[in-house]
Amino acid sequence: MTVAFLQLTLGLYFIGILLSLVYLLRRSDVLARVALATTCIGFAIHTVVLAVQVFSGEVGVTFHKALSFFSWSLILVFLLVVILQRLYVLGAFILPIAFLSLVSTAVLPAETPVLHPMLRAVWVHVTLSMLGAVGFAVAFVAGVMYLMQERLLKSKQFNVLFFKLPPLDFLDTLNQRSMLLGFPFLTLGILTGAISAQLTLGSYVNWNPEQLWALVTWVFYFVVLMGRVTVGWRAKKAAYLTIVGFAGVLLTFLGVVLKGNGIPVS
Amino acid sequence: MNIILVGLSHKTAPVELRELLVVPDSRMGEALNRLMDHEGIREGMLLQTCNRVEVYAVVDHVEQGFSAIQEFFVDTHLSVSAEQLMPRLYCHAEDRAIMHLFRVASSLDSLVVGEPQILRQVKDSFQEALTHNATGVILNKLIKKAISVAKRVRTETRIAENAVSVSYAAVELAKKVFSNLPSRTVMLVGAGEMAKLAARHLVNHGVHEVLLTTRDPVRASDMAARFNGTSVPFEDFRANMHRADIVLCSTGASHYLIGPDDVERAVRARWNQPIFLIDVSVPRNIDPDVRQVDNAFLFDIDDLESHIEQNREERRLEATRAESIVKDEVEVILKWLQSLKATPTIIALRRRADALKQAELQKALGRLGTLTPEQQEAVEGLASGIVNKLLHGPLVALKSAAQSSNGLVYIEAARLFYDLSLPEHQSVTVEDVRDETDVTTVPPASKEEPEQDGISRQASGL
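So the protein sequences, as listed, match chains A and B. Just so you know, we're using this note's numbering here: the first sequence kicks off at 1 and counts up by one. Just so you know, we're using this note's numbering here: the second sequence kicks off at 1 and counts up by one.
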C-alpha cells in the first residue's frame, strides 16, 4: 500500500519536474501552475506516506525514512516560497533534488531498522540534520540560479530564462537566509548525533565517514558564513561556496549509505 | 533638385564605429559649413543620435551628392578609414530618403521602436542646421513635415504606449540585479539626455538616493535640485562610486571615464555587492573591460538594444499602422515637391489674379450703375492692365527661376506672397499645420481662408 502511494507521489513529482522544465522555456505561467498543482497533490500523498512510515508500520529510524523526510521538507519549503513569492521558476531546480532523494529510497537497499532504547535521541538527530540539509539544498539551488542569472547578465543573453530568473540580490539573500537557517539545524544535528553515538556506541566521536563529512561540512559552512559577515564573501563567491558546501552534505549522505544501515547501531 | 540621404545607424554599424563619427556640438557649425562647401549640395542637415549619424541633403545630382557626402564623412572623421566606413553607409534618394526620414522621426527605425527621444533629437539637429543656414525651402518643409508625421504616429497609434525606451530598458535590467529599487542609490555621471531620462525613470520607481556629478558645478547643483539628489564633485566621483548601486553614465567626454580598476575598487568597497553600470554615452565613457570585473554588470547602448529586442514583437502591429501613416505622408510631400515646379505656380498665380480682378470689377461696376459699353470696356481694360503689368515681373522671374538652381526660393516666395494654394486634391490636413506651429514661428494667418493659410505656412519654410 505504502509502496503504491510512494510510486504515485514519485509519478506526480516527476510530472511536476517535466512541466517545470518546459515552463523555463515558455512565456506563459500556465504550465507552472499545473506543475504546482501536481506537486501539491504529490505532496499531500507524500505526507500520508510519511505519516504512515513514521507513526505506524515498521518501527525505527532508517535512512529511507530520513531521505523521505528530507524530500518532504524540501517540497514544503518550495511550496511556501512559491506561494509567497510567486517564484515558479524554483520548481525546475528544487523538485529534481526532492525527487532524486525520494527515488533513492526506492533504489537503495532495504535496511534493518534501528531498534534502540534511546530511539528518541536518534529521531531528534535525524530530523535536525535533515532540516539542516534542506536549508543547504535551498542555498545550493539559490547559488546555481545566481550563477545562471549572473552568466546571462554578463553575456547579455536576454532569453526567456533570463526573464524568469529572479534578480541577483534576491537570490543572494535567499542563499544567505537558507544558509543561516540550515546552519543551526546542522549544528544541533551534529550535537544530537554525537549524543546518540555516545548513548549507542559509547563514544561521542568514532570517525566514520558520516561523522567525518558532517564535521567537514559544518566547518566549511561556518567559514563561509563567517567570510560573508567579515570579509564580504557574497554574491558570486557565496554562490560557488554553497554549491561546494552542498557536495559536503551529499558526501555525508553517502557516508551514511556506505555505513550500511543508517543511523548509529550498536 | 534631389533629396538624398547618406548615413549609418545601429542597424549597419556597431557602437565602436558610431562613436567615432559623432561631431561634438561645439564643432557642429564647422562640420555643416564643410558639408555645404561641397559642390552641388544646396541644403544639408546632420542628424546624429546615439544610434545614427545621417546627412540629409538637397543636391543637384544624386550620384554626385552621394559621393560628396561620403567624402564629407571620411574627411570629417580622420580616425575612420574609407574602407571601414563605406560598407556601413546607406544611401537613399528621393522618396526612399523621405520615407527614411519620416520613419526615423516617427521612431520606426529606432533601436527601440516607439521611443520618444528621437523626435527631440531631430528637432535639435534641425535647429542646428537652421542656425548655420544649412537648410533651405525643401529641407525645412521636409523636416517640419517629418516632425508632424511623428506626432501623428504617436497620437494615432499605440506605438509609444509601452514606454519602451532605452531608459526603460535600463530600468528593466536594473531590476534583474536589484529586486528592491527603493532601497538603492543611483549615481548619474554627466548630464546627457538619455541618462537623465533613465534617472528620471529610476526616481519614478522610487530609488532611495540620487548622486549627481558633472564637470560643471552649476549644472550639477541645478540637476541635484531637479532630482532631489546630492551633488558629488566631479574629481571625487570615482572615489564615491561604491556608494551607488546603479551608475548611469552619459557625458560628452571622448575618452573612458571609468576603468576596470575604478570599478574593482568600488566592488571591493561594497563588499562584493553587485554594481550595475549603464553607459549610454557615444563615444562610450566606461571601459568595456569593466565587464571582466566580478559582480560588476556593464551595459552599453547596444546591450540595451538587445534587451529591447524582446519587446519588439508586441509592438509590431502598431508599427504596421504607423508605417501606413508614414507612407501616406510621403505621398503628400511628394505631391508638394511636384508643385514646386514653376508651371503650376504660374498657372495658379494667373488664376488668382483673374479671380481678384473679376471680383473687384463686379464690385466697381455695381457701384457705378449703368455704364455705356465704351465706359465698361475702359474700366475692364484698366483692371486688366494693372493686373497684367503687376504680374509681368513676377511671371518673368518665375519662368527664369525654373531654370536656375535657387529657383525654389522664388516659387516658394510667390506662393507665399500671393497666397497660392495647391490644387484641391493635394491639400494637406489641418492637423499638419497645427503640429508644425509649435516647431517654429510662422507668419500670422490670413483670416478668411484658413485652409489656404495652412498651405502658405507650410510653404513659407521658415
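Don't read these hints as lab results, they were simulated from the structure. All of these numbers come straight from a predicted model, not from anything done at the bench. Incorrect hints may have been included.
[Claimed, not checked] Pairs of lysine-lysine residues, derived as BS3-like cross-links and limited to a Cα-Cα distance of at most 25 Å, are as follows:
hint	chain 1	residue 1	chain 2	residue 2
1	A	Lys237	B	Lys357
2	A	Lys164	B	Lys341
3	A	Lys236	A	Lys154
4	B	Lys11	B	Lys327
5	B	Lys11	B	Lys123
6	B	Lys399	A	Lys154
7	B	Lys175	B	Lys196
8	B	Lys357	B	Lys151
9	A	Lys236	A	Lys164
10	B	Lys175	A	Lys236
11	A	Lys156	B	Lys196
12	B	Lys123	B	Lys175
13	B	Lys327	B	Lys357
14	B	Lys327	A	Lys156
15	B	Lys363	B	Lys335
16	A	Lys154	B	Lys11
17	A	Lys164	A	Lys154
18	A	Lys237	A	Lys164
19	B	Lys341	B	Lys363
20	B	Lys399	A	Lys156
21	B	Lys389	B	Lys399
22	B	Lys341	B	Lys327
23	A	Lys237	A	Lys156
[As the list claims (entries may be wrong)] If you only want the chain B side, here are some residues facing chain A, beta carbon under 8 Å, derived:
hint	residue
24	Asn272
25	Pro274
26	Asp287
27	Asn295
28	Arg350
Built from N, CA and C at the ideal position, the CB exists for glycine as well.
How the hints compare with the structure:
At most 25 Å may separate the alpha-carbon atoms for a hinted pair to count; A:Lys237 and B:Lys357 exceed this at roughly 91 Å. For the suggested pair A:Lys164 and B:Lys341, the alpha carbons sit about 60 Å apart, so the restraint of at most 25 Å is broken. In summary, the hint linking A:Lys236 to A:Lys154 is supported, as the alpha carbons are separated by about 12 Å, within the 25 Å threshold. Note on B:Lys11 and B:Lys327: the hinted pairing holds, with a Cα-Cα distance of about 21 Å set against a maximum of 25 Å.
Taking the CA atoms of B:Lys11 and B:Lys123, the gap is near 22 Å; set against the 25 Å cutoff, the hint holds. A C-alpha spacing of about 66 Å is found between B:Lys399 and A:Lys154, which places the hinted pair above 25 Å, so the restraint is violated. The suggested pairing of B:Lys175 with B:Lys196 holds, with an alpha-carbon distance near 18 Å, which does not exceed 25 Å. For the proposed pair B:Lys357 and B:Lys151, the alpha carbon gap of about 41 Å is over 25 Å, so the pair is violated.
Between A:Lys236 and A:Lys164, the direct Cα distance comes to roughly 19 Å. Compliance with the 25 Å bound is thereby established for this hinted pair. A C-alpha spacing of about 18 Å is found between B:Lys175 and A:Lys236, which places the hinted pair at or below 25 Å, so the restraint holds. With a CA separation close to 23 Å, the supplied pair A:Lys156 and B:Lys196 stays within the 25 Å bound. This hinted pair does not check out: B:Lys123 and B:Lys175 have alpha carbons roughly 32 Å apart, beyond 25 Å.
A distance of roughly 40 Å separates the Cα atoms of B:Lys327 and B:Lys357; the hinted pair therefore is violated under the 25 Å criterion. Between B:Lys327 and A:Lys156 the CA atoms are separated by roughly 35 Å; this puts the pair beyond 25 Å, and the hint is violated. Of the pairs offered as hints, the one joining B:Lys363 and B:Lys335 is violated, with about 36 Å between alpha carbons and a cut-off of 25 Å exceeded. Taking the CA atoms of A:Lys154 and B:Lys11, the gap is about 23 Å. The hint holds against a cut of 25 Å.
As the CA atoms of A:Lys164 and A:Lys154 are separated by approximately 16 Å, the hinted pair is consistent with the 25 Å bound. A distance of roughly 22 Å separates the Cα atoms of A:Lys237 and A:Lys164; the hinted pair therefore holds under the 25 Å criterion. Note on B:Lys341 and B:Lys363: the hinted pairing is violated, with a Cα-Cα distance of about 34 Å set against a maximum of 25 Å. Under the criterion of a C-alpha separation no larger than 25 Å, the hint pairing B:Lys399 with A:Lys156 is inconsistent with the structure, at around 62 Å.
Distance restraint check for B:Lys389 and B:Lys399: the Cα-Cα separation of roughly 16 Å lies within the 25 Å cut-off, and the hinted pair is therefore satisfied. Between the alpha carbons of B:Lys341 and B:Lys327 the distance comes to roughly 22 Å, so the proposed pair stays at or under 25 Å and holds. Taking the CA atoms of A:Lys237 and A:Lys156, the gap is near 21 Å; set against the 25 Å cutoff, the hint holds. Here the hint on B:Asn272 is kept, as its CB sits about 5 Å from the closest CB of chain A, short of 8 Å.
Interface hint status for B:Pro274: upheld, as the beta-carbon distance to the closest one in chain A is roughly 6 Å, under 8 Å. Because the closest C-beta pair between B:Asp287 and chain A is about 16 Å apart, greater than 8 Å, the hint is violated. The restraint placing B:Asn295 at the interface with chain A holds, with a minimum CB-CB distance near 5 Å, inside the 8 Å limit. This hint is violated: B:Arg350 has a C-beta 64 Å from the nearest C-beta of chain A, more than the 8 Å allowed.
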